[in-house]
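Asks: For the record, the sequence lines run as chains H and W.
Its first residue numbered 1, the first sequence is counted upward by one per residue in the numbering used here.
Its first residue numbered 1, the second sequence is counted upward by one per residue in the numbering used here.
These are calculated hints, taken from the structure and not from any lab test.
Note that CB positions come from ideal geometry on N, CA and C, so glycine has one too.
Keep in mind that a hint or two might mislead.
As a list, the in silico DSS-like pairs of lysine-lysine whose alpha-carbon atoms are at most 30 Å apart [claimed, not checked]:
{"id": "1", "chain 1": "W", "residue 1": "Lys23", "chain 2": "H", "residue 2": "Lys172"}
{"id": "2", "chain 1": "W", "residue 1": "Lys9", "chain 2": "W", "residue 2": "Lys23"}
{"id": "3", "chain 1": "H", "residue 1": "Lys172", "chain 2": "H", "residue 2": "Lys186"}
{"id": "4", "chain 1": "H", "residue 1": "Lys172", "chain 2": "H", "residue 2": "Lys91"}
{"id": "5", "chain 1": "W", "residue 1": "Lys23", "chain 2": "H", "residue 2": "Lys186"}
{"id": "6", "chain 1": "W", "residue 1": "Lys9", "chain 2": "H", "residue 2": "Lys172"}
{"id": "7", "chain 1": "H", "residue 1": "Lys186", "chain 2": "W", "residue 2": "Lys9"}
{"id": "8", "chain 1": "H", "residue 1": "Lys91", "chain 2": "H", "residue 2": "Lys186"}
{"id": "9", "chain 1": "W", "residue 1": "Lys23", "chain 2": "H", "residue 2": "Lys192"}
To list a few chain W residues with every Cβ distance to chain H over 12 Å, as calculated [to be verified]:
{"id": "10", "residue": "Asp24"}
{"id": "11", "residue": "Glu65"}
{"id": "12", "residue": "Glu109"}
{"id": "13", "residue": "Arg116"}
Covered stretches of chain W (in silico footprint by chain H; criterion: 3 or more residues with CB under 8 Å from a CB of chain H, positions within the stretch not fixed) [as the list claims (entries may be wrong)]:
{"id": "14", "stretch": "17–23"}
{"id": "15", "stretch": "26–39"}
{"id": "16", "stretch": "51–64"}
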Amino acid sequence: MDTILTTALSAPVTEKAEEISAERFDQIMRQHQRRVYRVIFLLVRDRDAADTLTQECFLRAYLSRGSFRGECRVETWLLRIALNLVRDHGKSRRTSFWKKLVGLEDKEEESGAPRQFPAPEPSAERALLAREELEAVWDALSSLSPQQRAIFFLRYEEEMPLAQIAGVLDLKIGSVKSQLARATAKLREMRK
Amino acid sequence: MQIIRHPQKDREQEQSTERAIEKDALELQQTLAALPGWGLAATEHGDEFWHNQRTTVWARISAAENRSARRAPVLAWTLAAALIAVSGWLLERPVVVPQNEAYADPDHEMLMEVERMVQIDGPLALEPAALLAQEMVQDLSPAEYPVRKKEPGHEHEN
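For reference, chain H alone in the conformation it holds in the complex (with noise of 0.2 Å):
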């Protein structure tokens, strides 16, 4: 029976470079953005950041598919780029909070907090819903680092086996239990 901890792999869905031409490419892209666009959306928590960082992602894994051994799956491939991706644009959001705390840069802008979600799509009160729930979960996540919380996304949101998390963010299996443990123990904590 599967737990909510099962570490098992199904079989590796292995690619070589050689194999990914052009349009096998777009055939990944279709099948993998709407995934590598959640993943990032759900550690940024903003929607065109979270747009311009999967186009970003995609453009990467294109230009260094050479470097693509098969090793991984393509999935765990791209979300590895994906979560360096969101990682230096932490960086970055860091540093323009700091210039502009200095005044090197338009102050008119916000400041390092992330960014409220803009106007909802007409359509999508199931999602502006759905958003509210998660801006829950992204506050009493909030106090926990930026790893911890993509290990929290990966495996309650996406479903992603510790193992499959392990390779994405390059890390021993043990390793992600006690991160994922002080998550849900901060979330416990914080929704009593």
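Got chain H sorted already, so can you dock chain W onto it with the hints?
Replies: Coordinates of chain W only, in the frame set by chain H:
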């Protein structure tokens, strides 16, 4: 310092972590079960959005490839020019013969040469020098050091 690992202890700790996660997950069951749905709903977009995103990605890929294609000849020419400049400079500069920087003590060199001559039967021209060196060595042997006598009168001369 060597870190000693206890596999049994590690396993127990991992199991306790797993139990803690399961316990928390049970308490957060409702939230965690709803999370995938919230994620999907919050990132819901029409087909147009995804199509536009793919189009933009392909446009960016094409731009990046064009950029690198344009840069390649420029880079090659720059490299070639740099190589020509460096080779020209190498050909033009005066050849400097490296000097032996090891310091040679002429006295020591001479003594060594003389000693070598003493050991092998050297040419006659060097014999006087060899004999002189031999004599000097003998004179300096501890048994024959000249004992200096103190001249008491000199101390009070000034």
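Asks: Look at each hint and say if it fits the structure.
Replies: Each hint, compared with the structure:
no. : hint                : in the structure
1   : W/Lys23 x H/Lys172  : holds (22 Å)
2   : W/Lys9 x W/Lys23    : holds (21 Å)
3   : H/Lys172 x H/Lys186 : holds (21 Å)
4   : H/Lys172 x H/Lys91  : holds (24 Å)
5   : W/Lys23 x H/Lys186  : holds (13 Å)
6   : W/Lys9 x H/Lys172   : holds (17 Å)
7   : H/Lys186 x W/Lys9   : holds (25 Å)
8   : H/Lys91 x H/Lys186  : holds (24 Å)
9   : W/Lys23 x H/Lys192  : holds (14 Å)
10  : Asp24               : violated (4 Å)
11  : Glu65               : violated (8 Å)
12  : Glu109              : holds (62 Å)
13  : Arg116              : holds (65 Å)
14  : 17–23               : holds (count 5)
15  : 26–39               : holds (count 10)
16  : 51–64               : holds (count 8)
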